[in-house]
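In order, the protein sequences belong to chains A and B. Per the working numbering, the first sequence starts with residue 1, numbered consecutively. Per the working numbering, the second sequence starts with residue 283, numbered consecutively.
Simulated from the structure, these hints should not be mistaken for lab results. Glycine residues also receive a C-beta, built at the ideal position from the N, C-alpha and C atoms. Treat the hints with care, since some could be wrong.
To give an idea of the interface, some chain A residues facing chain B are shown, with a C-beta separation under 8 Å as derived from the structure [claimed, not checked]:
| id | residue |
| --- | --- |
| 1 | Asn10 |
| 2 | Ile121 |
| 3 | Ala255 |
So the derived label-pair ranges between C-beta atoms look like this [unchecked claim]:
| id | chain 1 | residue 1 | chain 2 | residue 2 | range |
| --- | --- | --- | --- | --- | --- |
| 4 | B | Ser473 | A | Lys7 | 17 to 23 Å |
| 5 | B | Leu327 | A | Arg168 | 26 to 32 Å |
| 6 | B | Ile309 | A | Ile181 | 31 to 37 Å |
| 7 | A | Ser60 | B | Leu327 | 44 to 50 Å |
| 8 | A | Glu45 | B | Ser542 | 33 to 39 Å |
| 9 | B | Tyr423 | A | Lys7 | 25 to 31 Å |
| 10 | B | Gly483 | A | Leu23 | 28 to 34 Å |
| 11 | A | Leu82 | B | Ser576 | 28 to 34 Å |
Listed next, the stretches of chain B that the computed footprint assigns to chain A, with coverage defined by at least 3 CB atoms under 8 Å from CB atoms of chain A [unchecked claim]:
| id | region |
| --- | --- |
| 12 | 299-305 |
| 13 | 397-408 |
| 14 | 464-473 |
| 15 | 485-492 |
| 16 | 549-563 |
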Amino acid sequence: MGRSTRKAINLLVIAVIVALGVLGLLPLIWLLYSTAVNGLPPLLEKGLSFITDLPPTPMSTDIGGIAPALVGTLISSSIATLLAVVSAVISSLFTREYMYSRISGFIEAVVRSFNGIPTIIVSMYVYTTVVLWMGEPNVVAASIALLIAVLPTAHYYLSSALRSVEERYREAALSLGFRRIHVLRYVYLGVARRQVASGILMTFIRAVGETAPLLFTMGFLTNSVFQGLNRPGNAISLLIFIYALSPYTNYHTVAWGAALLLLILVLIPVLLIEVLVKEARK
Amino acid sequence: MRKGDRAFYLLLVPSLFSSAILMLILIHVTTVSLPAFVDRGLSLLTSVMWSPPTQDYGLLPALVGTILTSLISIVVVTPISLSIMFLVGDLLPRGLSRVFHRLVEVMGALPTVIYGLWGGFTLSRFLHGTVYTWLHDYLSYIPLFSCRPLSGQNILTAGVVLGISMIPYASSLLIEGYRAIPSRYIETAYSLGFYRFETYGLVTSIMKPLLIASIMLSMSRALGETTIVALTIGNAYVASPCLLSPGITVSAWIVSQFESAFIYPGALPALYAGALLVMVLSLLLSFLGIMLISKWRGVIYG
Numbered sequence: 001m002g003r004s005t006r007k008a009i010n011l012l013v014i015a016v017i018v019a020l021g022v023l024g025l026l027p028l029i030w031l032l033y034s035t036a037v038n039g040l041p042p043l044l045e046k047g048l049s050f051i052t053d054l055p056p057t058p059m060s061t062d063i064g065g066i067a068p069a070l071v072g073t074l075i076s077s078s079i080a081t082l083l084a085v086v087s088a089v090i091s092s093l094f095t096r097e098y099m100y101s102r103i104s105g106f107i108e109a110v111v112r113s114f115n116g117i118p119t120i121i122v123s124m125y126v127y128t129t130v131v132l133w134m135g136e137p138n139v140v141a142a143s144i145a146l147l148i149a150v151l152p153t154a155h156y157y158l159s160s161a162l163r164s165v166e167e168r169y170r171e172a173a174l175s176l177g178f179r180r181i182h183v184l185r186y187v188y189l190g191v192a193r194r195q196v197a198s199g200i201l202m203t204f205i206r207a208v209g210e211t212a213p214l215l216f217t218m219g220f221l222t223n224s225v226f227q228g229l230n231r232p233g234n235a236i237s238l239l240i241f242i243y244a245l246s247p248y249t250n251y252h253t254v255a256w257g258a259a260l261l262l263l264i265l266v267l268i269p270v271l272l273i274e275v276l277v278k279e280a281r282k
Numbered sequence: 283m284r285k286g287d288r289a290f291y292l293l294l295v296p297s298l299f300s301s302a303i304l305m306l307i308l309i310h311v312t313t314v315s316l317p318a319f320v321d322r323g324l325s326l327l328t329s330v331m332w333s334p335p336t337q338d339y340g341l342l343p344a345l346v347g348t349i350l351t352s353l354i355s356i357v358v359v360t361p362i363s364l365s366i367m368f369l370v371g372d373l374l375p376r377g378l379s380r381v382f383h384r385l386v387e388v389m390g391a392l393p394t395v396i397y398g399l400w401g402g403f404t405l406s407r408f409l410h411g412t413v414y415t416w417l418h419d420y421l422s423y424i425p426l427f428s429c430r431p432l433s434g435q436n437i438l439t440a441g442v443v444l445g446i447s448m449i450p451y452a453s454s455l456l457i458e459g460y461r462a463i464p465s466r467y468i469e470t471a472y473s474l475g476f477y478r479f480e481t482y483g484l485v486t487s488i489m490k491p492l493l494i495a496s497i498m499l500s501m502s503r504a505l506g507e508t509t510i511v512a513l514t515i516g517n518a519y520v521a522s523p524c525l526l527s528p529g530i531t532v533s534a535w536i537v538s539q540f541e542s543a544f545i546y547p548g549a550l551p552a553l554y555a556g557a558l559l560v561m562v563l564s565l566l567l568s569f570l571g572i573m574l575i576s577k578w579r580g581v582i583y584g
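Using the sequences and the accompanying hints, generate a full structural model.
Here it is in structure tokens:
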């Protein structure tokens with residue numbers, strides 16, 4: 001190949017890469033833009049009552065609010081995040097402490113293959129076990145389904161947080177006569193606290209955004225804000241999903257408004273993580 | 283070892299929690315779906331009917347839709363994530379590369395339901411007005427584009443949105459892999475007078491196993507994805523080779539049929555059979571992908 005041909009191909013390849021890369025980021029901008037454009041009008045129109053009112057009926061002229069969904073999302077994702085983080089701290093601690101044992105390898109393999117289980121199947125499983133047993137869809141069942149769905153995420157982030165602590169800190173602590181439980185408290189959770197915090201936030205983001213695990217487990221509460229943990233609830237992601245599939249245009253408007261709210265709910269922890277990571281880098 | 287430290291092994295009990303759940307789910311799905319395989323045999327996979335009155339349940343439309351959407355999503359995500367890898371890893375200046383990488387990560391944090399909403403309402407309308415009509419007008423002799431696009435919600439849209447939603451995941455896998463390649467290879471290439479595209483060719487060949495693994499892992503995710511597909515595919519129970527017609531996937535079909543399947547005899551096992559097929563394929567791909575990555579890392583780190 002002559003030099004000029006190579007030069008031409010080089011430029012062409014770089015142009016293609018830049019074009020494809022920009023094309024890959026374009027959906028993000030477009031998506032944020034259309035969520036803002038479609039979601040702002042209902043939010044502005046209703047103001048604060050969008051998060052305190054009950055959802056509309058198909059024929060109503062008012063677009064109502066999404067209070068049950070907001071409450072349900074916050075409760076169920078908090079429960080799921082809390083339990084997932086506790087479980088993940090324990091399992092990642094075990095796999096970190098006994099890094100080369102066969103059981104650790106097994107646990108890692110299982111947690112990773114969990115990603116291969118479609119979350120809709122988690123929903124089916126929790127429905128046939130918890131929901132049928134408790135008699136109706138409810139917030140607890142939804143939290144359990146969410147917990148199962150975000151467990152791999154929690155384990156992934158927390159085990160990489162613990163792995164970021166250098167071996168010598170651990171050895172130093174142990175040689176000073178630390179108990180293992182103190183190694184956990186002061187070395188792992190102490191040194192890697194920022195990574196652990198951002199891992200918890202990542203788990204929360206996942207839990208807030210999940211829809212499929214809630215489909216058969218949460219119910220769809222629209223006539224009151226909250227009825228208790230053992231009663232049906234609602235969630236923002238679920239409300240968007242169901243309203244988007246419905247034929248009513250006022251439901252679509254509510255769905256967009258809810259999507260903007262969900263976006264804000266997810267982007268706040270994203271920004272927090274950014275701050276945490278930046279400070280850690282200093 | 284201290285006395286209290288032995289208690290540390292107690293950690294093992296909750297650590298096995300996830301393994302127990304995985305086993306329970308596998309057993310549950312297998313046992314419920316077993317009657318469908320026994321009773322219906324091959325017709326379960328080849329029939330296009332789903333009619334509770336005659337108790338005739340076939341999964342072909344759902345399986346075809348699942349495979350097609352996953353394949354389309356791979357076609358979308360692979361070149362884009364590879365380009366993002368070269369952009370972030372090599373082409374862009376440092377500050378810009380960091381910003382670009384962060385934006386891709388933000389994209390990964392967005393809930394799938396928002397992708398679905400955007401895909402089902404905004405992107406599908408745009409594609410219908412531009413690309414689909416064009417595809418049908420000029421390429422309708424290809425069976426894939428032979429049918430008239432009635433709306434923007436079809437198999438192609440579902441596959442494209444699915445692919446878009448996996449860009450962050452695939453890119454982060456590839457970027458991580460790219461950074462693991464010892465820089466001496468790349469520096470050697472440049473010092474020998476390689477042009478960028480020649481170095482990229484070299485990098486791609488070094489990363490080939492990782493690229494295959496990322497395709498497998500993306501595919502594993504695409505197979506089971508529910509929210510995006512249900513909002514974009516148009517939900518019609520037909521098996522069609524045409525990408526411009528509305529379709530269905532196993533997961534989207536479960537969404538619409540699961541609760542009524544408890545009423546009709548025979549429907550639940552058939553539905554679970556679809557879930558089992560998707561889950562087994564997805565677990566297999568995810569397992570193979572992970573194996574391939576760890577093997578590749580072993581080779582790279584020597």
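Each hint, compared with the structure:
A hinted interface residue such as asparagine 10 of chain A counts as satisfied when its beta carbon comes closer than 8 Å to some beta carbon of chain B; here the least separation is about 4 Å, so the hint holds. The criterion of a C-beta within 8 Å of any C-beta in chain B is met by isoleucine 121 of chain A, whose closest approach is roughly 5 Å, and the hint holds. Checking alanine 255 of chain A against chain B: minimum C-beta separation of about 6 Å stays under 8 Å; hint holds. For the hinted restraint 17 to 23 Å between serine 473 of chain B and lysine 7 of chain A, the CB-CB distance of approximately 18 Å keeps it satisfied.
For the hinted restraint 26 to 32 Å between leucine 327 of chain B and arginine 168 of chain A, the CB-CB distance of approximately 57 Å leaves it violated. At roughly 35 Å, the beta carbons of isoleucine 309 of chain B and isoleucine 181 of chain A sit within the given window of 31 to 37 Å. Evaluation of the 44 to 50 Å hint for serine 60 of chain A and leucine 327 of chain B yields a pass: the beta carbon distance comes to about 46 Å. Evaluation of the 33 to 39 Å hint for glutamate 45 of chain A and serine 542 of chain B yields a pass: the beta carbon distance comes to about 37 Å.
The hinted window of 25 to 31 Å between tyrosine 423 of chain B and lysine 7 of chain A is violated, with their beta carbons roughly 39 Å apart. Restraint check, glycine 483 of chain B to leucine 23 of chain A: a C-beta distance of roughly 21 Å breaks the suggested window 28 to 34 Å. At roughly 31 Å, the beta carbons of leucine 82 of chain A and serine 576 of chain B sit within the given window of 28 to 34 Å. Given a C-beta distance limit of less than 8 Å, the hint that chain A covers the region 299-305 of chain B holds, as 5 residues qualify and 3 suffice.
Counting residues of the region 397-408 of chain B whose CB lies closer than 8 Å to any CB of chain A gives 8, so the stated coverage by that chain holds, three being the minimum. Look at the region 464-473 of chain B against chain A: 0 of its residues bring a Cβ nearer than 8 Å to a Cβ of that chain, fewer than three, so the hint is violated. Interface restraint, the region 485-492 of chain B with chain A: violated (0 residues with C-beta to C-beta distance below 8 Å; minimum three). Chain A is given as covering the region 549-563 of chain B, and this holds because 4 residues of the stretch bring a CB closer than 8 Å to a CB of that chain, at least three being needed.
Figure legend: structure checked against the earlier numbered hints; hints not met, in rising order: 5, 9, 10, 14 and 15.
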